[in-house]
Amino acid sequence: DAGVTQSPTHLIKTRGQQVTLRCSPKSGHDTVSWYQQALGQGPQFIFQYYEEEERQRGNFPDRFSGHQFPNYSSELNVNALLLGDSALYLCASSRGLAKNIQYFGAGTRLSVL
Amino acid sequence: GIQVEQSPPDLILQEGANSTLRCNFSDSVNNLQWFHQNPWGQLINLFYIPSGTKQNGRLSATTVATERYSLLYISSSQTTDSGVYFCAVVSGGGADGLTFGKGTHLIIQP
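Heads up: the protein sequence lines correspond to chains V and R, in order.
Under my numbering, think of the first position of the first sequence as -19, with each following residue one higher.
Under my numbering, think of the first position of the second sequence as 30, with each following residue one higher.
With the rest of the complex left out, here is chain V:
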């Protein structure tokens, strides 16, 4: 039973570029949440997708957008990259509401130069 998988594992971009990160949820899960973890900090909630719609959003600008596909996999897109977007991006999946257990992938480490 595969867990949550994320790709790519590492990514280097320059300021102003756009990036797409991908996540496949754990088998049997239908909800995907994205988090940003800056160095030395705890992860921060970006948004959550369920039934192909954004259900909840944290305090992140519109440059951060996402998508969920019919097979429950998800993408995180970040436009007009800033140096401050350099972070570990984590995807979590759960079954139904987020009060249920969330399981995390290994993350994508994004460096913006």
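Hint data in this document are derived by calculation from the structure and do not stem from the laboratory.
Among these hints, one or two may not hold up.
[Stated by the list, open to error] Here are the computed lysine to aspartate or glutamate pairs in the EDC-like style, where the Cα-Cα straight-line distance is at most 20 Å: (1) R/Lys131 with R/Asp110; (2) R/Lys131 with V/Asp65; (3) V/Lys79 with V/Glu32; (4) V/Lys(-7) with V/Glu55; (5) R/Lys83 with R/Asp39; (6) V/Lys79 with R/Asp110.
For clarity, every value in this text was computed on a predicted model and none was experimentally measured.
Model the placement of chain R on the given structure of chain V, informed by the hints.
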């Protein structure tokens, strides 16, 4: 939004010692999870414990929801226990995303 505070921020112990990590939260919660983040960034689920007590080997956790705190106990520490421990919650009436504390950085010395 809900606030999550973890203590202590840093903890250095000798192998074999016991430790208690604390998580205080400012509102009622629907979900409380403890994670161990390894040096490669992977968040490993330790406990899902919005209330009550659970044990898994050398680890145990207790959440007193009415008093808004949770404790993680690690007994007979091993060097592989080193890393950052996070407490994360989903508030009872708020967003469905997890709100994380800043973590406790645990170092177990041989």
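Here's how the hints hold up against the structure:
no., hint, in the structure
1, R/Lys131 with R/Asp110, "holds, 18 Å"
2, R/Lys131 with V/Asp65, "holds, 19 Å"
3, V/Lys79 with V/Glu32, "holds, 19 Å"
4, V/Lys(-7) with V/Glu55, "holds, 17 Å"
5, R/Lys83 with R/Asp39, "violated, 24 Å"
6, V/Lys79 with R/Asp110, "violated, 27 Å"
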